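Enquirer: Chains as they are written, first to last, in this note's numbering: chain A, 1 to 336; chain B, 1 to 245; chain C, 1 to 291.
The set of hints was computed from the structure by calculation and includes no laboratory data.
A quick note: this is a predicted structure, and the numbers were derived from the prediction, not measured.
Virtual Cβ for every residue (Gly too), placed ideally from N, Cα, C.
Below, a sample of chain A positions facing chain B; criterion: calculated Cβ distance under 7 Å:
{"hint": "1", "residue": "205"}
{"hint": "2", "residue": "209"}
{"hint": "3", "residue": "211"}
{"hint": "4", "residue": "212"}
{"hint": "5", "residue": "214"}
{"hint": "6", "residue": "215"}
{"hint": "7", "residue": "216"}
{"hint": "8", "residue": "217"}
{"hint": "9", "residue": "218"}
{"hint": "10", "residue": "219"}
Letter by letter, the chains look like this.
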Amino acid sequence: MRTPAFILTLSLVGAVLYFAFRHVGNDYLFFAGYTVLQYIVMATAWNILGGYCGYVNFGSAAFFAIGVYSSVCLHTIGERVDDLFPDFLLAPMHLIFPLPLPVLVVVAGAVAGLVGLGMGYLTLRLRGIFFAIATLALAVVLETFVANWSFVGGSRGAYVAPPTEVPFFGPYIQFLFVLMLVLVVAALTTARLIERSRLGVGFATIRDDELSAEASGVPTLRLKLIATVVSGALFGMAGAPFPYYIGYVEPSSAFNLSYSVNAIAMSMIGGTTTWAGPMIGALLLSTLQQVFTVTISSAVNLLITGLLLIAFVILAPKGIVGLWQSWTSKAKGPNS
Amino acid sequence: MTQPILHIDQLGKRFGGFVALDGVELSVPQGQRLGLIGPNGSGKSTLVNCICGTLQNESGSVTFDGKKVDGMPAHKRTRLGLARSFQLPRPFRSMTVAENIRVPLLYTVNARPGSHLAHAELDDRCMELLGLVTLQDKASKYTTDLTQVEMRKLELARAMAAEPKLLIADESMAGLSHSEVEDIVALLIRMNARGITIIMIEHIMSAVMTFSQRLVVLVNGKKIADGNPQDVIQDKDVVGAYLGT
Amino acid sequence: MTIEFDLLINAIIAGLMLGGFYAAVSAGISISFGMLNIVNIAHPGFIILGSYIAYIFNSSSGVDPIVIAIFALPAFYALGMVIYQVYYASFEKHGLDSLRGLAFFFGLLFVTEVSLNLVFGVDYRTVNVPYISSSISLGAMEFPVRMLVPCLVSLAMFAGLQLFMSRTFMGRAVMAVSQDPQALQLMAVDPIRIKRVAFSISMATASMAGALLIIIQPVIPSSGREYIGRIFAICVLGGLGSLPGTLIAALLLGVIESITSTFYGPSWAPAVSFGLLLLTLAVRPSGILGR
Chain A
1 MRTPAFILTL SLVGAVLYFA FRHVGNDYLF FAGYTVLQYI VMATAWNILG
51 GYCGYVNFGS AAFFAIGVYS SVCLHTIGER VDDLFPDFLL APMHLIFPLP
101 LPVLVVVAGA VAGLVGLGMG YLTLRLRGIF FAIATLALAV VLETFVANWS
151 FVGGSRGAYV APPTEVPFFG PYIQFLFVLM LVLVVAALTT ARLIERSRLG
201 VGFATIRDDE LSAEASGVPT LRLKLIATVV SGALFGMAGA PFPYYIGYVE
251 PSSAFNLSYS VNAIAMSMIG GTTTWAGPMI GALLLSTLQQ VFTVTISSAV
301 NLLITGLLLI AFVILAPKGI VGLWQSWTSK AKGPNS
Chain B
1 MTQPILHIDQ LGKRFGGFVA LDGVELSVPQ GQRLGLIGPN GSGKSTLVNC
51 ICGTLQNESG SVTFDGKKVD GMPAHKRTRL GLARSFQLPR PFRSMTVAEN
101 IRVPLLYTVN ARPGSHLAHA ELDDRCMELL GLVTLQDKAS KYTTDLTQVE
151 MRKLELARAM AAEPKLLIAD ESMAGLSHSE VEDIVALLIR MNARGITIIM
201 IEHIMSAVMT FSQRLVVLVN GKKIADGNPQ DVIQDKDVVG AYLGT
Chain C
1 MTIEFDLLIN AIIAGLMLGG FYAAVSAGIS ISFGMLNIVN IAHPGFIILG
51 SYIAYIFNSS SGVDPIVIAI FALPAFYALG MVIYQVYYAS FEKHGLDSLR
101 GLAFFFGLLF VTEVSLNLVF GVDYRTVNVP YISSSISLGA MEFPVRMLVP
151 CLVSLAMFAG LQLFMSRTFM GRAVMAVSQD PQALQLMAVD PIRIKRVAFS
201 ISMATASMAG ALLIIIQPVI PSSGREYIGR IFAICVLGGL GSLPGTLIAA
251 LLLGVIESIT STFYGPSWAP AVSFGLLLLT LAVRPSGILG R
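Turn these sequences into a full structure, and let the hints guide you.
Expert: Here it is in structure tokens:
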């Protein structure tokens, strides 16, 4: 399927979903759906660096949080224009601020991508394991800085009040839902494009054998940087609407380790070699988590996520996609 | 008299306290067939790694085709025309044999200004290269299904796919049968006839003697002999250190 | 001016004692990562497990946590053997894919933390020991006993490990397997068994480290996360595989953290170790005494 057709198909599915939810009339569907969609973006983002290139990012929560806090920052600027700018700038600044959410998303992506570039430049020349540990280190350093930054609320947190109604969509959550749908289409399309391109081949060689890749002419550092930037940017974009979704952000929840664990678990359970894997993993796991949170408790669903991750990593390393591939090739018979 | 295609000047490499290469000097004219021999651990693979950029040398310099390549990453050197096969084969395990060959085509050949293989041409070139090492029947097999010998041939084909000016074949014939060794030697000589300089690192003396126009011996990181193969194998230092009586 | 100086001296002393303790915490990773190349990122989680075991038995029987830890050592050793077996059978045997091994340990870390959360909740837990609030004074210098004792025990454990590594057959075999597993096989020693022993030893150190931790400070299930960065920072800074290097790096980190905490506030402390780690990785990845 060519890319424009792919985008169209995904968009149609998204539109059907949106209107179906709207027909049901219960806003809860949009709230829960937003979370599931967010995780699809995050798992896909993680997989571009982790699954395609083989470089594990334990600190994904940091890039998500960069998105969250860049929104908080810009929102706060928008609220305090009168305090922050000299008089002669007030008129134009009031025109610019408050920035619409799509703009915030783009800015968040840019900031997160830039941070990814910087961090990648520092650490990607080392072995994969050092990169993984460095990502954890980065997450903690960033969290400490944000917790000490009073402009965005520091450790006490910040309240972000979204508008209650938006034209056409009605309740604000529906607007957020559609925005996240757009991000899902963007993320899946990006992953699929990469997978099918020369870039995807290059990423796979890095995952398989980096020395051999270099000897074959693959510019490994450059490709790894690209992967880090794309991955980081997608995470940041997924985080940008979050303050408006949740209303109150503070560092320990924005930087929560469970975001990192979920991104990894969903990708590995779904299958890391293809764009569909993280999506399947996210759909399954996130839906399961929603069910468990409502029926049992949120701590238990984290436990189950962790156990599933361990189980899949040991027993089904190629994930659900891999299981499906081996079932279908067995069905075709030994001569396939 | 044109410049040598490879010039190594006082190359030094240490691993902690261990001196792997000690002041190695080597000048290779274009088009030569050079054999490099020496006992295990003498530094042959380290030398290859330093020439190709897999490792960076600490002292001395490497000049390839007139350019100083010290500090240059390996992929740039490959694109300049320096290719090598790995002593222990390093295939891309998630890919098929044909896909393995596509990598240097995509990233080396297609990365050079002026040369660009279109999609169909890529496939043709893959099969052509696989045919040279008689692996064409295994094109769609995964590398995990190959025998050791087939993996060595794949290693060689991947190096050749990069269309090098200088090819370093690092023990690519270990484990091959007598006729397979002859085939590979013949292949390398044919490539050489097309203008490619070749450095062959081997323990199989029959192949080395048939192939080499010049023989270099490395022992304990130092070059102890360099010259006509017939003379070198009779050199008493070489006999003492490596060949035995 | 005098007050500043007193503050500095005591910050350094506290830092040295903290560093001594950090050495115990890092010893396990120095072995499993530095020598066996197993990235056991779950180690901090097991340390916290050790803390909670010390807490349970201490709160019911009043026994000193260090004694509890000694009794818990065999259990942790056995746990280490089980985990290594699973790790080896699932990942190491197949050679590659460090991604999955990493994900495995990351999953273990997470499951450990969440399980402790479910069982104990998020309240801070401490232990009751007679010396918990006493302190030894030497002039202007203060030595809180609750830091001094863990530091001394930790150094003793560390010294014991170093002796083991350099003097016993098993210890030297572990050093050998980290450098050249094939040579070991030629000597008819099973490298797998050696690695399993080494990994189990590293797990056993978690038991003691956990007990020491809960003497020094109150513990909650997520306390392990602060230590991930510290431990890896120490091991990388000290040079992977070098126990003496780990000790020096641990003391250094302890002092830097203590000074930062005293003069700039404790909220910056986590950033110190991680920042140091990033710096080391960027500038000198082989560490101070690295191979």
